[in-house]
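Visitor: Line order of the protein sequences matches chains A and B.
Residues 4 to 500 (our numbering) are what the first sequence spells out, left to right.
Residues 7 to 358 (our numbering) are what the second sequence spells out, left to right.
Treat the hints with caution; some may be incorrect.
To be verified - One-sided and incomplete, this derived list gives chain B residues near chain A with beta-carbon spacing under 8 Å:
1. 227
2. 241
3. 246
4. 248
Stated by the list, open to error - Pair by pair, the computed Cβ-Cβ distance ranges are:
5. A/96 <-> B/155: 23 to 31 Å
6. B/54 <-> A/385: 46 to 54 Å
7. A/396 <-> B/347: 30 to 38 Å
8. B/330 <-> A/146: 58 to 66 Å
No wet-lab data here; the hints were simulated from the structure.
The beta-carbon is built from N, C-alpha and C at its ideal position, and this holds for glycine as well.
For reference, the chains in residue letters:
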Amino acid sequence: MPLLDIRSISLSFGSTRALDAASLRVETGEIVALMGANGAGKSTLVKILSGVQNADGGEILWKESPYAPASPAEAARAGVVTVHQSTDVVGIPDLTVADALLLDRFIDGRQPFFLSSASVRRSAARLLKDTGIDLPLDRRFGDLGTADRQLVAIARARSNKAELLILDEPTASLSSLESHRLYALLQGLKAQGLAILYISHRTADLQALADRVVVLRNGRDVGHFARPIDFDAAIEAMIGRPLPTTETRAAAAPGTPLLQLRGVMLRPDGVPFDLTLHEGEIVAITGVLGAGKSRLLSTLFGVYPLPSGTMTLAGLPYRPRGPADAIAAGVVMAAEDRHRSSFMPPGWPGESIAETISLPHLSRWYPAGLIDARRESREAATAIERLGIKARGPNASVWSLSGGNQQKVVLGRWDAADSRILLLDEPFQGVDVGARQDIIDALRRQRGRATLIVTSDPDEAHAVADRVLTLSRHTIETFTHRDTRALPAFRDQKEDA
Amino acid sequence: MTSQDTGHAAPPLDPHGAASSRRPGWDAIREAVRASAVFLLLAGLLIVFSVAQPAFLTVGNLMSILQGVSVVAIIGAGVTVTLAIGGFDLSVGAVAASSVMAASYAMIVLGLDATETVPLVVAFGALVGLFNALLIVRLRVPDLLATLSTMFLLTGLQLIPTAGRSISAGLILPDGTTATGRVDPAFLLIGRSSLWGTIPVPVVLMAAFAVVLFVLTEKTRFGRVLFATGGNEIAARLAGANTARIKIIAYSLSGALASVGGIIVAARVGRGDVSSGASLLMDSVAASLIGFAVLGLRRPNVFGTIIGAVFVGVLLNGLTMLNAPYYTQDFIKGAVLVGALALTYGVARNRA
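With the rest of the complex left out, here is chain A:
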């Protein structure tokens, strides 16, 4: 009998059916991957399993008895633990890792009322020993990277006798080295009999881990794949149309140099490097977390001053004192984490597609100061049309869009005026495969500028770019051509990431 048996559950929000008779089974000691584009119903399914929401149709059997947890705590008591994408809620920044590991025990009273740092450390060390996970117990939780925070959450789940571990896009912000460490750990847990429901659309993850793949689309389970898994078929089931080919474009001849960096150091103690971007080319930069990828883009965009070296833009010295300078010079950036870096909060002025697109262009579009909403609606309609944004119209809130469509809005913002250098920081985060292809096609069509993309996913880098570079310890390390799939830089990386 399956450990978890989800039988055609449904959940509607108003007229939207988030889940529409979806079924799914997980056996003990099995890793089931759940795939689906944004909005397919993955998050809703996770919320139901973890007790955040209740289904309004169908039934769930957990160890052969009905299962409908009313809260995450109840789900955890039953043995179902979810590790969410955002890991900063796992612990308290100013407390130690040991405290974070024992946090729920402090709350439910399994730890004694009076504590000493030695007794806490002892309990935490025992917990780590039992789970076979290695973590620095005395470090501040706030200093841990995403990968280690996930380990804290997994260790805690394991120590609480979890039988089903739900992981929501755990590798979204991990480097490839960190991802591999996670794969090994999960395989070990699986061997101990833990069932894992793994949500991701990264093929690398699924190839490494999945025993079975279940694909959700529009709230239904539209595909079940067992090993050997046909990933192309799974992705086609996920996006609901044949997989677009990325190999069709003509190799563009590099144009004239647009942006030249000479002897640039991103940090006062860094190693200087050179970089040239040519008109019409798309360059991708990969590297582990903390390698300086975002730092490079932010420096080009004028957020940080350049510690040393020279930059020339179209032959003229370029030294922006802030984003406004950079934008005026035609260097524009869509920063990482679009919610934080590009959007106004929901319900606040400026949340519509049109207003999001117009924000950097206000002084050019409205020199007299008064806003004419028709102008920005027109520009937004053009972007919606050209990039294939699925939205009610220019006045729809960006928060009503899926991740892929949100990213298209961000791109549409910078396409609304001529630019010379487009900087994109992790543009495919939370973007499904179909929308990713639309974005790549749109980038390829714009050949009048140079595009510099940074991403921690080497597959993405190769899918989009003419040229892929690797950044390590704040300097550019290796040149790889886009067809060279081997990435020596990743293999040689020491564990100092």
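Chain A is already provided as a structure; the job is to place chain B on it using the hints.
Guide: The following block gives chain B in isolation, referenced to the frame of chain A:
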């Protein structure tokens, strides 16, 4: 309205941008009621008071209500501007009160006339706002703390030139001499005269400032960047906005508007009273917070602030006419504020 999950992940629903606001029947009705709740209540109050007390619904009484709320509305509009940038100006009450003192001092002690006093006092208010902005933008003091200390500073500062005395003609100065100036009659016209014998000048000023600030905040690119700074400062800066300059302008505007409020008070009472403006801070902050509920916007907005001030004015005037004792006024204001905030944040909020 919007999604229920705005933190990290994209909203889980709406695979293809289908509007979550497009909901059947009764959600729409609830939304419509919430949006117009303040107006419905206001209409209800007007009807009840006019039936209960025929003297309520006369032009004279309505104008006196508007005159009564004009100062609070103008100061509240300034607070609204600082709320729009994500800040808060707690010093407005103290700016208004010290503007009353400054105006009286300028005329009675320094012997200036109205045309010199008014620009001087407005400049004083703007300068205080600039000082707030300096603390907040340059020294990175949190808004509430910065403006709270400015409030403290001004409350004390306004007492120093006269050694704690109120200012009226014939004031004896700390050095023993007697002040020789007097309040310019032209200055008193600001607070005491009416257009065509019906519309008091403060009401005209309130309307003028309301229109100008409404257009500035809602219809111009300055307003767009103002709200962008308050909504997501990082996003505003990455879009090329000079958020530091926007904040400086917002606080200066707030200070200047508070000093206009002070000028109106000074022109009405005709002297520099040390205790004037005691309730102005609370009343104007309340007006701008009540404004969140107007039209169901759930955010600072100038139109809502004016309506909020008028609402409180109508309620207090009506109740006073029905012989509600004076000492219940603050309680009533508090109750209105709590109700408005519950309406804004609690009732009918999407809890899907």
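Visitor: Confirm or reject each hint.
Guide: Status of each hint after checking the structure:
no. : hint                        : in the structure
1   : 227                         : 4 Å, holds
2   : 241                         : 5 Å, holds
3   : 246                         : 4 Å, holds
4   : 248                         : 7 Å, holds
5   : A/96 <-> B/155: 23 to 31 Å  : 28 Å, holds
6   : B/54 <-> A/385: 46 to 54 Å  : 53 Å, holds
7   : A/396 <-> B/347: 30 to 38 Å : 33 Å, holds
8   : B/330 <-> A/146: 58 to 66 Å : 59 Å, holds
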